[in-house]
Structures are given as structure tokens and as C-alpha cells.
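Using the sequences and the accompanying hints, generate a full structural model.
There are 2 protein chains.
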Amino acid sequence: MGPALAQVMAMLVLLLSVLSLAAGGKLLVLPVDGSHWLGMREVLDGLRQKGHEIVVIAPEVSLHIKPTEGIVMKTYPVPFTLEELDESFQAFFQDMFEEESFLGRFIKIYRRMKETSAMLMASCKQLLYNKELISYLEESEFDAVLTNPILPCGQIVADRLSLPSVFFLHQMPCGLEYGATQCPNPPSYVPRIFTGLTDHMNFLQRVKNLLFDFTNYLLCDFVFQPYAKLASEVLERDVTVNALLSHASIWLMKLDFVLHYPRPLMPNMIMISGVNCAHKKLTQEFEAIVNASGEHGIIVFSLGSMVSEIPMKKAKVITDALGTVPQTVLWRYTGKVPPNMPKNIKLVKWLPQNDLLAHPKTRAFITHGGSHGIYEGICNAVPMVIMPLFGDQMDNAKRIESRGAGLTLNVLEMTTEDLSAAVQAVINDKKYKENIKRLSDLHLDRPIHPMDLAVHWVEFVMRHKGAPHLRPAAHDLNWIQYHSLDVIAFLIVVVLLSLFISLKCCLFCCRRCCCKKGRTRKPTKSKSH
Amino acid sequence: MGPALAQVMAMLVLLLSVLSLAAGGKLLVLPVDGSHWLGMREVLDGLRQKGHEIVVIAPEVSLHIKPTEGIVMKTYPVPFTLEELDESFQAFFQDMFEEESFLGRFIKIYRRMKETSAMLMASCKQLLYNKELISYLEESEFDAVLTNPILPCGQIVADRLSLPSVFFLHQMPCGLEYGATQCPNPPSYVPRIFTGLTDHMNFLQRVKNLLFDFTNYLLCDFVFQPYAKLASEVLERDVTVNALLSHASIWLMKLDFVLHYPRPLMPNMIMISGVNCAHKKLTQEFEAIVNASGEHGIIVFSLGSMVSEIPMKKAKVITDALGTVPQTVLWRYTGKVPPNMPKNIKLVKWLPQNDLLAHPKTRAFITHGGSHGIYEGICNAVPMVIMPLFGDQMDNAKRIESRGAGLTLNVLEMTTEDLSAAVQAVINDKKYKENIKRLSDLHLDRPIHPMDLAVHWVEFVMRHKGAPHLRPAAHDLNWIQYHSLDVIAFLIVVVLLSLFISLKCCLFCCRRCCCKKGRTRKPTKSKSH
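Residue numbers (full-length UniProt numbering), protein chains in the order written: chain A, 1 to 529; chain B, 1 to 529.
Hint data in this document are derived by calculation from the structure and do not stem from the laboratory.
Please read these numbers as outputs of a predicted model, since none were measured by experiment.
A couple of the hints might just be wrong.
Where chains are identical, the list cannot tell them apart; a pair therefore holds if satisfied intra-copy or between any two copies.
Taking lysine-lysine and the BS3-like style, the derived pairs with C-alpha atoms no more than 27 Å apart in a straight line are [stated by the list, open to error]:
id: 1; residue 1: LYS316; residue 2: LYS346
id: 2; residue 1: LYS437; residue 2: LYS26
id: 3; residue 1: LYS131; residue 2: LYS66
id: 4; residue 1: LYS349; residue 2: LYS361
id: 5; residue 1: LYS343; residue 2: LYS361
id: 6; residue 1: LYS281; residue 2: LYS314
id: 7; residue 1: LYS26; residue 2: LYS125
id: 8; residue 1: LYS131; residue 2: LYS361
id: 9; residue 1: LYS465; residue 2: LYS430
id: 10; residue 1: LYS108; residue 2: LYS316
id: 11; residue 1: LYS208; residue 2: LYS430
id: 12; residue 1: LYS437; residue 2: LYS50
Next up, the structure:
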């Protein structure tokens, strides 16, 4: 009976292990609040459907991170309230709309950024020094970490737990993603973030682009240095942010070359733009509005998940402009209603943006140019009027405009006429629709859905405990070695030395010849004497 | 009746156009002979199954390109016979095995290469100046060209017909694929072809790697310059080989980072290694041999599609060595049978290499290290003994060895004992099997089958008439602009000029101060006088 029982036990263990394999792995998620979370949530749903256990660690106080069905959520206390957080963000966005001198504006934004950064930093510290939570994480035996590197807190946790990580992001400030992956980033045709340049630059634009690298370093130092300090404390070794981020196994990047300009990539960068493009049927409420719009159709208008109020003066400019078009305008707006509201404008507290954009009656999309919205516009082939507010929105706007798929307006300077003309242009001038349709066709013609791609690579890292075969040896070289400067210097020295020795030899030979001649002449002379 | 008939006609036209769309596009294929064709053939089959019309243009005389079911094949006359072609290749491979001084060997190989190159060039000329064929191609309205750029003849035809092209290749000599796609190729960690270096190099190896770039340029110039001349004649404009190849829309590259070292890539480079890995059931004949091998299993031995004969002396060394192992050896060999053949060696004229490698009884794979075979070995997780003969085979062998998945032997110098020891090591030392299994697991864990990927991208180029959105703006920059040397020089001049002006200003101020002091002193002096 003994050996038989042992055999049964062994089979049970085998069965259990097979079952646990079939049930998938265990993923730790450290998200970043705001629209970053909204983009990541759908991928988590894809992973959950594949049978993986997902644990999200989030601050107790957050704007958008809410418990989601089928996903374990653990929170940790932070030293601020929801009101304080919301106020900080709202004040930041309100500042965007204030007409002020460049310097005044800059100082204000700098101060706000410092405030918000300090809050996020405090939240990160609370997580890393939360002994109870960290020891729970240590004991939980996760397979991998999924995080957004825009705040490097998640990677500090991954390093602390010695877990492989996957990054989910759109773009980093200062091109940090390219530094951290050792990805070549030539400033001659890859426009830097915040420059509003395209990939075809004249000489002065190339000068500007190169100079932006320096200012970017300063900016990044200010924003990210505190995280390097914190990481060094927690990991008990000297760490730079670049080194910290370089530990990621896979970078899931929401970029596509229908929007971005073609550039080199590294093998561990996976392009998953369009991951958030699946749409559902509209609710009855919205379906009714859209159907009532008649032959002219609708315009979808939203300034993103973070900006739902704007100063009354600006709101009046906008409503006056949108009152001139025959389309029904659905505007996500929670501020005070401007006087004399045109009847064609419907204010809503929230709107199913992607589902509305997917509707065939949608004629245009007025957006702030966040990457999430821009890709939804491309997916659904809706021409855009873009009012960029901050961050990479200027660059996104420039890209859409440079491809003839939309128009950009300066939200601070635009008049009622400007907005009215822009909206009418993108609706009535066929070239905008044609261009966005072409981009959309290219964007959607892909061998595999970006959601499947994202899920695959997270699973890959979980299965293989990382992806070391995709890590380039460049990480082991310093700057001089990477650019072969030592080799070039050595070769120059060798060439110069060879030339010098050859020259010396020649001179020596010449001198010997001359000397001989001299000597043969001298005796003659002496003889003649 | 008139309008009704017109309506019916219009509907018929619509129906036909829909049917022709459903039936797929029209692809022109310009293959390269040898193992290059064998790799491409399976992708053509995949495309044919998707309903595309495929026309292959091949020389009348070729070693491997044969009519294939469901594919139209058109041939053109060439100024040599099959015997001449075969003799040229066989002589080339026979030279590999001859023990001679390095210089003697080099001169011989150089002469043979020149002969073979001249034949291939003659074939290309015959195609381009075949008026009848070219006008047939012009009239046929193809959607795209699929070709192997290792001979740029196909791209000259694509340019001549103004068609977008897709390249299908493993690797180009001299890293031409990176130059033509503007893909960064840092010599500090990307080992050059033919160097046998890995991605981790010491200082002297990095010097060697950089120097190889120069010798590569010379080699490429010798091999490819005639094609540039021919292209310039045919296209009636000055063309370099780099510019010619840069016109390709998509590069389907048979590389994977389980074998190659991680490096930057461009967006139009699609990795499709493993595309030729599907295996079929063995025929009864081979199944019987494999089953008869007993518990020791079999060893698969092939030196590639081009080398089926080797000098008797070398064959004797090999049979003596393989007689010492308990496995049954299946060797593709068409030469004279060496005396005292051990019973465990079965000589066959041809073997289903991939199907045999896929058999669980296969213990080892003795190969020349061609990329095709190497990837089949990886797919099926069979440890390898590699005897590289020429081309990139040395590099492939080095890569497999550096990953601990096989051993390399110098085919010229190896003794019976060397081969016997190597084969026994890869079979009996578990680490080889474990390492190749790990590589195989990584290689096969992919989000989409490489065949689907290859078919998708050929179809993409056919549908969208190319892929201009993946073409980097770097193509429009010269070398100085690309590396921002003009911008850096400008900034240095600006900085130096600013320093110079500041210095001058300081000096001027100092002088004025001194002068004033001097003047104020002088009058005092004059007063004192």
C-alpha cells in the first residue's frame, strides 16, 4: 500500500501543478493614476481572462484607480486626502488656461509640478516603507511586475522583490525610454518630445532638437533624481534612474508609425498602440442623442479624463463657435454652463468616447491631443481638431496636422472664428477624412491584435522569468566604449605613429644618402686642396 | 431595357472586382538559386493558399528552382548549361576541403567566386535585357515584387517596373541590410559577419570588429559594384547598391535573438525566423530506419543542400569517428563510399532534414551551420556539432557554441577523435540538450507564427502599394547631417565665438579701467612734476 499511496500522492501533486499552470501565473501590478490607469486596465482584463491572478497595489487615495471585477486590489495609506489630490491636479489644469506672461506661466506651472511631484513622491515612499505590505509582497511569490515607468516607483518595488518587470507606457519625458534601453536616438531625424518638430527638419530645427536634449537632461534630473535617491536607499546600493529602468524585460509601448515618425527600436520594445480600441454598443441615452442628430451627425468633444472644467471666458468662446455648426456637439464638461448655450451643444458629465467615435454619424473629434484619444481618433478614422494643453499633446497635435488628418488650435489664443473655421474645415474639406482614413487603414492592418500582443509578452516574462535574450550587450559598455571612441583613438595613434616612423625612416635614409654624398665629396675636396 | 442592362452590367463589374479582391493580388517573385530558394518556397505556398496569383521568374538553368504546384513559372535563357553551373558550385565547395596555405586557399576561392559571380551576373543581364519578358512583366500589372536581395537583380526589376518590393533574406554580406535601411549598427557590441565574434568583446576584438567594416566595404564593392553599374544602365540614372536596396518596403529577416545578439532594428524589418519549421510525418523508409535505431536513437548528418560530396580522405575520418558511437547515423552523402563503412552509418542521397530532427529519437545534428539548418536544430531542440564551411556559417557556429547548445569543429583540421568526442559530448553531456531546449522554448514562444507574419507583410505591401509610413527620414540626410556633425560644429563655433567675444569684452573693460587709472595717475604725476 505504501508505494501505491506514494504514487497516488505524486500523481496528485503533478495534477495540482498542471492545474496551477493551466490556471496561469501571478502578476503584481503597480499602476500610475490618471489616464495611465485607464489605458492599462483593459490589458489587465485581457490577462485576467487568460486565468492569471492579478494583484493591484494602489494608494488609498487616487483619482481613477478603482476596484475592478476579478482583480485583487490592495491599498496603502498616503499622507494626503482625495480633496487635496484633486485640488492639486485641478489647479494645475486651471493654470493652463490663464493668460499670463511666459515667465509668469512657467513659474506657476513649475511650482504646481513641484507640488504634485512631491505628493506622488510621498505616496511612493509610503509604499516602499510600508513593512506589512512589502512583506506580504515578498511572501506572495509573484511571477512578474507590470508597471508604468513614468513614475519609477513600480520598478523600485520590482528590484526590491527581485522580480522581472514589464513596462506599459506611451512615452517618457526626456526620451528616458531610449536611454534606458540603449536604443539609438539620432537627434538629426528623431524629434525630441515637447519640441513640436517633425522628422524632416531644417538646419536650425536640428540645432533646436539637439539643444532640447540638454534641457531635457535638466528637466529629468529635477523630476527623477528624488526617485534615484529613494531607490538607492531602499535597494541599499547606488542606483541611477537610467539603470533602474534598464532592468525592465519588456517595454509595451503605445506607439505606431502612422502617428510617430519611423525610428530605430530595440528588440524588447513591443508596439501595442490600438490596444484600447475595442468599442461597445452605445447606451440608449447616447444612442438617442446620436440618432436625433439627423444627416449632419455629431461632434465628440472632450479635453481628457483630467480636464472637465475650464474658465467661463474660454467656455463662452467655445460654445459661441460650436453654435455655428449644424452638427450636434457632445461635450464632456462639468463646469458652470455659459450663458446663451446654443441648442446643438449637449453637456455631459461623462461620455463613452471610443464608442461614440466608432459611430458612423460622428463627423469630428475635438480633443486635447492625449495619446489615448488620438489613437481612438485614428482607430475610428475621425478627423480631429486638437487643442493641446501640456506634455506630449503638442507633439501629437503636430503629428496629426503634419499628416493632414486634423487641425491644431492654441487654446489660449483661439477666437470663436478660429474654432468655428477649424471644425467646419475638418468636416467639410474631404482631404482630412481621406487622410485619417488612410492612417486608420494602415493602423488597423496588423498581423495580430495589440491586445493579444500585450498579453503574450506579459505572459512570456512570467513564463521565462524575464527576457534576458533580448537584453543588448550595450548595457555593459560605458559611453566611450559604446561609441568606439577608444578604438578610434587607438587607430588614429597607430596610424600617426606609423606615419611618424615611416617619415623618420625616410629622413634617416635621405640623411644617410646625403651624408654619403657629402662624405664622398669631402675627400675629393681635401684632395683638391 | 437600356438602363436596366447598364445596371446589370455595373453589378457584374462590381461582382467581378469583389471576386478579384477576394481572390487576392498578383505577386512577382524573383528568387535566388540554392538554399535561398528552398527557404522562400514555403512562404510562396502560404501566399498561394491565401488566393494570390504568384509568378516566379527564374533562369532556364538552375540547381534548385523547379516548377511548383499552383505557381506560374517563367524562365529566361542564360549563357551557360546546368553542367557548367553545377561544376562551378561543386568546384567551389571542393576547394573548401583542400588543405593548402592560407594564401593559396584565398586565391583559389577568390577565383572561384569571381567565376560564379560572373555567371550570376550574366544571368541577371539576360533577364534585364530580355525585351519580351520585360514587356510581359510590364503588362502583367503586379502588385508587388518578392525577392532575395543577396543578388540585387530582383530589386532592379522592381525599380524598372516601379513596383513596391519585399525582401526575404537571412543576412547580407558586409551588413548591407543595415546600411540600406539606415539601421544603426554600432561596432562596439554588434559583431560583424565573418568575424566569429560575440556581442561581448574585449578591446582588441572591438578593434578587429571595426576594422572588418573597412574590409567589408572592399569586399562588397567587388561583389556588388557590377550590379550598381547594371542598374544605372537599365534605370537610366546613377544608382548605388545601397540606394537600390533602400527602396524595399519590407525586409523579412530570418533572424531571432535566441541565435543572433540583440541589436537595434528598423520598423520595416520583420523577424520571421522559424518560418520553415513545420514538419511532416516521416516516410515509411525513414520511419523504419529511425525505429530500428533502438534506445540510442539517431544522428542526422547533412552538410546542406549544396555539399553532398567531400574528398575521400575526409569522408574516411568522418566514418571512422561516427563508427564509435552507438547511434544510427543518417548521412546525406552522394560521393564514393569509404572503405570499411561502419554498420551504424546509413548513406542517403537525400533526407527530410526537418522531419527527422523533429523525431523524438534524434539525439544530435551534425551540420555545416547554414542558417536554415541551424534554425531547424533550434526549433526541434537538437544539440549540434557544427563544421562550418564558408559564409556566415562560422558566425552561426560561434553563436550556438557561445550559448552552450553545441560544439564547433574545424572541418580541415579535425581528427577522428575530435569528431567522435564532440558527438559523444553533445549527446551525453546533459547541458547541451538543456541549453538547446531553453533556446527552443524561447524561439517557439511567439505571439504569431512567423509564416503568418511573412504572409501578412507581403499582403500589406500588395494592399497598400508599399509601406512608406515605415521609411525613416534618415534616408533624406547625408552622412554629416545624419550624425549631426554640422550642428555640433556650429554649436562649437558659437560657444568659441561667445567665449572669444566675452574675453575681448573683459580685456577691453580691464584695459579701460587700467587706462583710467593710468590717466588719473598721469595727471597726478604731471602735477607733481
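Results of checking the hints against the structure:
For the homomeric pair LYS316 and LYS346, the shortest alpha-carbon distance inside one copy (14 Å) is at most 27 Å, but the shortest distance between copies (89 Å) is not. Taking the closest pair of Cα atoms, LYS437 and LYS26 come within 27 Å of each other only across two copies (25 Å); inside a single copy the shortest separation is 40 Å, beyond that limit. Taking CA atoms no more than 27 Å apart as the test, LYS131 paired with LYS66 passes inside one copy only; the shortest distance there is 23 Å, against 70 Å between copies. Taking identical chains as interchangeable, the C-alpha atoms of LYS349 and LYS361 lie at most 27 Å apart only when both belong to the same chain, with a minimum of 21 Å there against 67 Å between chains.
For the identical chains of this complex, LYS343 and LYS361 are intra-copy neighbours only, at 18 Å inside a copy versus 78 Å across copies, given an alpha-carbon limit of 27 Å. Taking the closest pair of Cα atoms, LYS281 and LYS314 never come within 27 Å of each other, the shortest separation being 33 Å inside a single copy and 72 Å across copies. Taking the shortest alpha-carbon separations for LYS26 and LYS125, only the intra-copy value of 24 Å comes in at or below 27 Å, while the best inter-copy value is 61 Å. When the C-alpha separation of LYS131 and LYS361 is checked against a cutoff of 27 Å, the pair qualifies neither within a copy, at 54 Å, nor between copies, at 53 Å.
In this assembly of identical chains, LYS465 and LYS430 lie within 27 Å of each other by CA distance solely across copies; the values are 22 Å between and 51 Å within a copy. Proximity of LYS108 to LYS316 under the C-alpha cut-off of 27 Å is restricted to the intra-copy arrangement: shortest distance 25 Å within a copy versus 85 Å between copies. For the homomeric pair LYS208 and LYS430, neither the shortest alpha-carbon distance inside one copy (35 Å) nor that between copies (58 Å) is at most 27 Å. Taking identical chains as interchangeable, the C-alpha atoms of LYS437 and LYS50 lie at most 27 Å apart only when they sit on different chains, with a minimum of 25 Å there against 33 Å within one chain.
Of the hints listed earlier, those the structure fails to meet are numbers 6, 8 and 11, in rising order.
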